[in-house]
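K.L.:
Protein chains in written order, with our numbering: chain E, 1 to 124; chain A, 1 to 114.
Hints are computed from structural coordinates only; laboratory data are not their basis. Since this is a predicted model, take the numbers as computed values, not measurements. Where is the CB? At the ideal position from N, CA and C, for every residue including glycine. Treat the hints with caution; some may be incorrect.
The following label-pair restraints were derived from C-beta to C-beta distances [as the list claims (entries may be wrong)]:
#	chain 1	residue 1	chain 2	residue 2	range
1	E	I109	A	N82	37 to 43 Å
2	E	Y7	A	T55	50 to 56 Å
3	E	L42	A	Y28	18 to 24 Å
4	E	D44	A	S35	24 to 30 Å
5	A	Y79	E	I109	36 to 42 Å
Computed footprint of chain A on chain E, listed as stretches where at least three residues anywhere in the stretch have a Cβ under 8 Å from a Cβ of chain A [stated by the list, open to error]:
#	segment
6	9 to 17
7	82 to 88
8	93 to 99
Chain by chain, the residues:
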Amino acid sequence: MNSRPVYLNLLKIRLPITGIVSIAHRISGVLLFLAIPFAVYLLDLSIESEQSFARLIELLQQPSLVVLQMILLWSLVHHLIAGIRFLLIDAEVGIELAGARSGAWLVFITEALVILLVSGWLFI
Amino acid sequence: MSLYVLEGLRPWVIQRVSAVYIVLFCLYTFFSLLSAGQFSYESWKDWLYHPFNTTVTGVFIIALLFHAWIGMRDIVLDYVKNIMLRIFILAMLMGVLIGSALWAFRILLLSVVS
Numbered sequence: 001m002n003s004r005p006v007y008l009n010l011l012k013i014r015l016p017i018t019g020i021v022s023i024a025h026r027i028s029g030v031l032l033f034l035a036i037p038f039a040v041y042l043l044d045l046s047i048e049s050e051q052s053f054a055r056l057i058e059l060l061q062q063p064s065l066v067v068l069q070m071i072l073l074w075s076l077v078h079h080l081i082a083g084i085r086f087l088l089i090d091a092e093v094g095i096e097l098a099g100a101r102s103g104a105w106l107v108f109i110t111e112a113l114v115i116l117l118v119s120g121w122l123f124i
Numbered sequence: 001m002s003l004y005v006l007e008g009l010r011p012w013v014i015q016r017v018s019a020v021y022i023v024l025f026c027l028y029t030f031f032s033l034l035s036a037g038q039f040s041y042e043s044w045k046d047w048l049y050h051p052f053n054t055t056v057t058g059v060f061i062i063a064l065l066f067h068a069w070i071g072m073r074d075i076v077l078d079y080v081k082n083i084m085l086r087i088f089i090l091a092m093l094m095g096v097l098i099g100s101a102l103w104a105f106r107i108l109l110l111s112v113v114s
């Protein structure tokens, strides 16, 4: 039996920026998975009839659901952009440490811009 | 047959091919709807019922089904060590995904029939 002490205080672990992109990719993936059945329900509402379409628009404008929409928008945008970065890494683009670090920063910067643009387009 | 269906290189490839398709589909849908102008029931219905859009959406559902399955499966294999719990959770995930995919296909195909 391995008796080495395990020290896993999550608050004391300092993840590098590349690690943060990675774990956020995983968390956003799980959130998107959980959203799938609800997304299909919304698709159903959107196409069933004129009345259900109006109900969907009303539903999406509820303040309590706007927060949920922002979380899912972040999940989608982060998962997409971090995913593109991982594909580039598979293609051996940005695999050395400096490149990987700046790539990770680039993910967060692009992501912030896209979220601002899309939420501006959605809510204004 | 292996206990974990899709093990090794093949899921790795499927994950990436489906990822590329999903990115292209998202970009196409976003800009296509954006350029359609005023978003109304009629314009949305016309968009989804267009044969090309119905087809690419159908392929998207299949791509997402595989992509989400492989991703969630990897997470379960990483964190859940108990074999019975693993099988139970994987079966639940598979149920949610197949149920959602069938429901989405029903919505798409009803649009073709009607």
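K.L.:
Does the Cβ-Cβ separation between Y79 (chain A) and I109 (chain E) fall within 36 to 42 Å?
P.N.:
Violated: the Cβ-Cβ distance is about 30 Å, outside 36 to 42 Å.
K.L.:
Mind checking the hinted window 24 to 30 Å against the Cβ distance between D44 (chain E) and S35 (chain A)?
P.N.:
25 Å, holds
K.L.:
Do the Cβ positions of L42 (chain E) and Y28 (chain A) conform to the proposed distance bound of 18 to 24 Å?
P.N.:
20 Å, holds
K.L.:
Within the segment 93 to 99 of chain E, is the number of residues with a Cβ closer than 8 Å to a Cβ of chain A three or more?
P.N.:
violated (count 0)
K.L.:
Is the hinted range of 37 to 43 Å satisfied by the C-beta distance from I109 (chain E) to N82 (chain A)?
P.N.:
41 Å, holds
K.L.:
Just tell me: holds or violated, for the beta carbon distance of Y7 (chain E) and T55 (chain A) against 50 to 56 Å?
P.N.:
53 Å, holds
K.L.:
Under a C-beta cut-off of less than 8 Å, do 3 or more residues of the segment 9 to 17 of chain E approach chain A closely enough to confirm the stated coverage?
P.N.:
Coverage by chain A is violated here, the residue count being 0 at a Cβ distance below 8 Å.
K.L.:
Do three or more residues of the segment 82 to 88 of chain E come closer than 8 Å to chain A, measuring C-beta to C-beta?
P.N.:
It holds: at least three residues are needed, and the segment 82 to 88 of chain E offers 3 whose Cβ sits within less than 8 Å of chain A.
Of the hints listed earlier, those the structure fails to meet are numbers 5, 6 and 8, in rising order.
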